[in-house]
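Protein chains in written order, with the working numbering: chain A, 1 to 294; chain B, 1 to 347; chain C, 1 to 253.
These are calculated hints, taken from the structure and not from any lab test.
Be aware that a few hints might be false.
[Stated by the list, open to error] Mimicking DSS-like on lysine-lysine, the simulated pairs with C-alpha atoms at most 27 Å apart in a straight line are: (1) C:Lys62 - C:Lys189; (2) C:Lys74 - B:Lys129; (3) C:Lys219 - C:Lys203; (4) C:Lys162 - B:Lys129; (5) B:Lys202 - C:Lys203; (6) C:Lys31 - C:Lys74; (7) C:Lys31 - C:Lys57; (8) C:Lys31 - C:Lys68; (9) C:Lys62 - B:Lys202; (10) C:Lys68 - C:Lys219; (11) C:Lys162 - C:Lys189; (12) C:Lys74 - C:Lys203.
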Amino acid sequence: MTEFLQATVYGVLQGGLLALVAVGFSLVWGVMNVVNLSHGAFVILGAYVGWMMHDRFGLDPLLGMLVAASVLFVIGYAVQRFLVNLVINGPIFITLLLTFGLSLIIIQAMNVGFTANYRSIHTGYASNSIALGEVHIPLGRLVAFAIAVVVTLLLVALVTRTRTGISILATGMDRGAARLMGIRARHVYALTFGIAAAMAAIAGTMVGTVGTFNPAAAGSYTLLSFVIAVLGGLGNMYGALVGGIVIGLVEAWAGLYLPGTWMNAIAFLVLILVLIARPSGLLGRAFYASRVEV
Amino acid sequence: MSQLREGARAEAAVPAPAVQPWWRRLAPWGLLALGVVAMLGLQSQIYTGQERTVSAIFMFIALAQGWNLIGGFTGYASFGQVAFFGIGGYTTAVAMVHWQASFWLSLAVSGVVAAIFGGVIGLPLLRLKGHYFAIATLGVAEGMREVVTNLPRLTGGGAGITIPTVGTKATTTYLGNDGFYWLFLGLAALALAISTLVSRNKFGFALRAINQDEDAAGALGINTTRAKVLAFALSGFVCGLVGAAYAFQQAVIYPARLFDVDITVLMVVMVVIGGAGTVVGPLVGAVALQFLSEYLRQNFTDAHIFILGLIIIVGVVLLPQGFVNYVVEARRTGDWSLLSNVRRYRL
Amino acid sequence: MNDVPVLETRGLGRRFGGLQAVSDVSFSVPKGEVLGVIGPNGAGKSTFINLVTGHIKPTSGKVLIDGKDLTGRKPWTVAHAGVARTFQIVKPFRGMSVRENVAVGVLYGPHHASTMGQAIRRADELLEEVGLVGVADRPPAELSVADARRLEFAKALASSPKLLLLDEVMAGLRPSEIEPSLELILRLKEQGLTILVVEHVMKAILAISDRVLVINQGKVLTSGEPRAVLSDPRVIEAYLGQRYASRRESKDA
Numbered sequence: 001m002t003e004f005l006q007a008t009v010y011g012v013l014q015g016g017l018l019a020l021v022a023v024g025f026s027l028v029w030g031v032m033n034v035v036n037l038s039h040g041a042f043v044i045l046g047a048y049v050g051w052m053m054h055d056r057f058g059l060d061p062l063l064g065m066l067v068a069a070s071v072l073f074v075i076g077y078a079v080q081r082f083l084v085n086l087v088i089n090g091p092i093f094i095t096l097l098l099t100f101g102l103s104l105i106i107i108q109a110m111n112v113g114f115t116a117n118y119r120s121i122h123t124g125y126a127s128n129s130i131a132l133g134e135v136h137i138p139l140g141r142l143v144a145f146a147i148a149v150v151v152t153l154l155l156v157a158l159v160t161r162t163r164t165g166i167s168i169l170a171t172g173m174d175r176g177a178a179r180l181m182g183i184r185a186r187h188v189y190a191l192t193f194g195i196a197a198a199m200a201a202i203a204g205t206m207v208g209t210v211g212t213f214n215p216a217a218a219g220s221y222t223l224l225s226f227v228i229a230v231l232g233g234l235g236n237m238y239g240a241l242v243g244g245i246v247i248g249l250v251e252a253w254a255g256l257y258l259p260g261t262w263m264n265a266i267a268f269l270v271l272i273l274v275l276i277a278r279p280s281g282l283l284g285r286a287f288y289a290s291r292v293e294v
Numbered sequence: 001m002s003q004l005r006e007g008a009r010a011e012a013a014v015p016a017p018a019v020q021p022w023w024r025r026l027a028p029w030g031l032l033a034l035g036v037v038a039m040l041g042l043q044s045q046i047y048t049g050q051e052r053t054v055s056a057i058f059m060f061i062a063l064a065q066g067w068n069l070i071g072g073f074t075g076y077a078s079f080g081q082v083a084f085f086g087i088g089g090y091t092t093a094v095a096m097v098h099w100q101a102s103f104w105l106s107l108a109v110s111g112v113v114a115a116i117f118g119g120v121i122g123l124p125l126l127r128l129k130g131h132y133f134a135i136a137t138l139g140v141a142e143g144m145r146e147v148v149t150n151l152p153r154l155t156g157g158g159a160g161i162t163i164p165t166v167g168t169k170a171t172t173t174y175l176g177n178d179g180f181y182w183l184f185l186g187l188a189a190l191a192l193a194i195s196t197l198v199s200r201n202k203f204g205f206a207l208r209a210i211n212q213d214e215d216a217a218g219a220l221g222i223n224t225t226r227a228k229v230l231a232f233a234l235s236g237f238v239c240g241l242v243g244a245a246y247a248f249q250q251a252v253i254y255p256a257r258l259f260d261v262d263i264t265v266l267m268v269v270m271v272v273i274g275g276a277g278t279v280v281g282p283l284v285g286a287v288a289l290q291f292l293s294e295y296l297r298q299n300f301t302d303a304h305i306f307i308l309g310l311i312i313i314v315g316v317v318l319l320p321q322g323f324v325n326y327v328v329e330a331r332r333t334g335d336w337s338l339l340s341n342v343r344r345y346r347l
Numbered sequence: 001m002n003d004v005p006v007l008e009t010r011g012l013g014r015r016f017g018g019l020q021a022v023s024d025v026s027f028s029v030p031k032g033e034v035l036g037v038i039g040p041n042g043a044g045k046s047t048f049i050n051l052v053t054g055h056i057k058p059t060s061g062k063v064l065i066d067g068k069d070l071t072g073r074k075p076w077t078v079a080h081a082g083v084a085r086t087f088q089i090v091k092p093f094r095g096m097s098v099r100e101n102v103a104v105g106v107l108y109g110p111h112h113a114s115t116m117g118q119a120i121r122r123a124d125e126l127l128e129e130v131g132l133v134g135v136a137d138r139p140p141a142e143l144s145v146a147d148a149r150r151l152e153f154a155k156a157l158a159s160s161p162k163l164l165l166l167d168e169v170m171a172g173l174r175p176s177e178i179e180p181s182l183e184l185i186l187r188l189k190e191q192g193l194t195i196l197v198v199e200h201v202m203k204a205i206l207a208i209s210d211r212v213l214v215i216n217q218g219k220v221l222t223s224g225e226p227r228a229v230l231s232d233p234r235v236i237e238a239y240l241g242q243r244y245a246s247r248r249e250s251k252d253a
């Protein structure tokens with residue numbers, strides 16, 4: 001029973017972190033119908049920035065993540081503005097290929113710049129834990145979870161409360177109409193992509209404080225973002241939280257009861273079942289769901 | 001918005017009229033036969049290392065044509081195509097190791113197993129569209145890798161499985177460089193033949209109609225579910241055969257290699273850059289990309305992935321509709337400017 | 001005389017989440033009739049057509065074609081039962097020539113052409129009939145609005161249907177372009193085709209309909225002889241709002 005509770009706690013905390021990894025991916029997909037295959041590379045790149053800030057300048061990751069977010073925001077903005085916008089009206093495999101090519105380049109650049117060795121951001125407190133009876137709550141993961149929830153809520157507030165956010169939503173719903181209203185779609189798309197990359201950077205820094213990372217991990221974070229975005233429903237930002245926690249729990253429980261790496265297969269099984277049964281996700285109303293014109 | 005994107009989709013400008021004089025109808029078959037003969041002639045002119053490189057090109061021609069059936073003609077971007085490749089490879093390995101089947105029997109069975117797998121997963125998955133289909137198929141491929149990894153008694157698990165190629169345990173004598181050259185050439189020719197047939201028969205018409213407007217296709221009486229599932233199964237059949245041949249050639253196979261996402265991406269890149277939904281496009285794409293990546297691997301060992309990424313990006317930005325469609329359109333309109341080509345999909 | 005209606009719906013309805021887009025629509029179209037279907041924007045006319053053709057599954061009620069229950073069947077099954085349709089937003093196959101667009105319908109309709117050659121010949125006849133011969137080799141993207149609508153028409157006729165559902169085939173056309181469409185519809189009626197026409201152009205409805213059905217807020221408001229229906233105060237109210245209708249009534253009084 002204790003084991004189960006421990007796994008549950010771990011799953012929820014890990015789920016929050018995964019939600020933060022995926023929320024930017026979901027935003028980009030929901031707003032501009034782009035599946036960004038370089039999202040995982042952004043996460044890892046953010047982790048390296050956070051790691052460098054800590055390693056070279058002794059900056060705590062809680063501050064380092066802000067630096068990482070700023071750097072990745074600029075990169076994300078530029079990538080969308082000068083690259084993805086060039087093919088945004090093309091068939092889907094064009095944007096998929098473009099972002100895949102981009103991720104190849106980023107991953108290779110990280111391999112050259114930082115080597116393929118595993119890194120992690122060591123802080124004094126991350127490995128401490130709080131004991132609740134028999135169950136231990138690792139402090140680093142708790143902090144990461146709290147940041148994930150806060151940042152996700154901030155994103156929701158940004159999108160629903162501010163002028164910028166509303167122009168993002170409007171562009172996502174109907175680009176033509178938004179442009180007629182005087183919204184500069186190119187800028188809004190680039191902004192959205194930049195915000196998503198910044199979120200990825202924060203997530204990456206947190207990943208680095210609670211565990212290890214290397215350039216090769218990028219692909220699995222992209223894939224997890226996929227799964228979570230679909231589970232939660234596109235464009236629904238609370239959805240990412242739900243999707244993340246579902247995946248966190250499923251993997252934690254599967255890891256407890258199933259041998260080998262079956263838990264990875266379970267995550268994909270969940271994904272496919274959800275896609276077939278409820279293509280718009282658990283909470284979602286997809287912006288781009290297929291529908292017959294009425 | 002979604003309609004806006006729909007309107008801007010890449011299609012070939014104007015295809016040739018469906019009824020053609022006999023010599024135009026037979027021309028592709030003549031070219032195909034000529035190509036096979038030329039490739040057999042080429043074999044005597046090259047040394048062993050080059051023979052392997054050319055075999056790899058044949059392999060990717062077949063794979064690209066396989067993907068083209070579902071992704072190019074039908075317009076369903078399968079990002080899990082490597083699942084068929086892996087299933088074909090493991091079916092052959094398991095059949096040869098555990099059931100002492102000959103390679104040739106295993107090869108045929110692998111194609112059929114991959115086709116059935118395509119039909120079974122296609123039925124639910126082909127109801128999904130766009131990115132959802134892409135992701136679901138990607139999930140299937142990743143899931144299959146985990147399944148194969150976690151059945152060590154049958155598949156050897158993550159450590160891999162070895163097909164005996166010499167001695168009494170070898171059910172079929174190893175084909176050697178010459179043999180695999182012929183085998184992959186044959187598979188490439190088969191895939192090209194299937195693609196050519198589909199591109200001009202009634203079934204191909206249905207696939208193109210589904211690609212261009214699925215609702216309208218259904219309203220005109222096309223059983224879209226059946227056509228899509230058949231196309232998926234057929235593409236699975238081709239990729240399964242190739243996977244089987246690859247497994248025997250490698251002799252030692254691992255889940256990480258046989259279910260490598262990069263193989264899927266290579267197929268997609270080759271088809272898209274060459275020209276999706278055409279027969280010549282994927283052929284051109286496969287030859288060009290495979291040559292290029294081989295050249296880069298040999299001359300820029302460290303930077304070749306970097307350059308490959310750059311080529312993908314530059315390729316899709318400059319030629320989003322693919323090389324073949326670009327040439328067809330440019331000849332029709334007289335506008336060869338790549339800049340006006342970039343303009344078509346940008347915001 | 002065969003008195004089984006070509007199309008009959010019984011209590012047909014469709015709910016999208018909280019929105020009842022179509023509810024309890026029951027009526028029938030006898031063989032050879034041209035039925036005009038009108039109603040304000042968003043009344044559920046296109047949804048209704050989609051329910052009949054199987055592009056949307058109904059949540060209640062039944063659809064009968066020639067007395068055969070085809071409720072919720074797939075679009076191709078309905079097409080093979082002899083039902084053809086046009087789409088309000090034109091849906092050409094963009095990568096095919098105009099001729100090939102029509103040939104697809106000939107190849108896959110209920111009376112399949114057995115060879116590509118036959119399909120192409122039949123397609124050419126149909127292009128002649130709707131007046132698109134001159135652009136047969138062009139891609140649909142190069143067609144004018146009127147020609148794009150004609151292409152929809154030709155594709156629908158390609159399967160040699162017995163029931164034709166026309167969803168606003170005259171929308172966006174100039175008066176001079178509407179005339180040939182009307183003539184075509186009347187010609188098809190003479191050939192014994194049963195036709196359901198959804199249309200906003202009232203002049204067209206009056207010119208061709210034997211009977212008119214008014215749909216408002218997803219329900220059947222009224223039906224009957226065209227002129228009588230169009231002067232029904234309830235219909236005027238549905239289109240122009242209650243204030244206009246009552247003003248008009250008081251003026252009449």
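For this session: For the pair supplied as a hint, Lys202 (chain B) and Lys203 (chain C), confirm whether the alpha-carbon distance does not exceed 27 Å.
Result: 41 Å, violated
For this session: For the pair we were handed, Lys162 (chain C) and Lys189 (chain C), check the Cα-Cα distance against 27 Å.
Result: Roughly 10 Å between the alpha carbons, so the hint for Lys162 (chain C) and Lys189 (chain C) holds.
Exercise. Is the straight-line distance between the alpha-carbon of Lys31 (chain C) and that of Lys74 (chain C) 27 Å or less?
Worked result: 23 Å, holds
Exercise. Taking 27 Å as the top limit, are the C-alpha atoms of Lys62 (chain C) and Lys202 (chain B) close enough?
Worked result: 33 Å, violated
Exercise. Keeping to a limit of 27 Å between CA atoms, is the pair of Lys31 (chain C) and Lys68 (chain C) held or broken?
Worked result: Holds, at about 15 Å.
Exercise. Within 27 Å, alpha carbon to alpha carbon, are Lys68 (chain C) and Lys219 (chain C)?
Worked result: Satisfied, since the Cα-Cα distance of roughly 24 Å is no more than 27 Å.
Problem set entry | Pair hint Lys74 (chain C) and Lys129 (chain B), alpha-carbon separation not exceeding 27 Å | At roughly 17 Å apart (the allowed maximum being 27 Å), Lys129 (chain B) and Lys74 (chain C) satisfy the hint.
Problem set entry | 27 Å Cα cutoff - pair Lys219 (chain C), Lys203 (chain C) | Holds, at roughly 23 Å.
Problem set entry | Restraint check for Lys62 (chain C) with Lys189 (chain C), where alpha carbons must lie at most 27 Å apart | 26 Å, holds
Problem set entry | Satisfaction of hint between Lys203 (chain C) and Lys74 (chain C), Cα-Cα up to 27 Å | 34 Å, violated
Exercise. Would the pair Lys31 (chain C) and Lys57 (chain C) pass a check requiring their Cα atoms to be no farther apart than 27 Å?
Worked result: Distance ~25 Å between Lys31 (chain C) and Lys57 (chain C) Cα, so the pair holds.
Exercise. Is Lys162 (chain C) within 27 Å of Lys129 (chain B), Cα to Cα?
Worked result: Not satisfied, since the Cα-Cα distance of roughly 32 Å exceeds 27 Å.
Going through the hint list in order, the structure does not satisfy hints 4, 5, 9 and 12.
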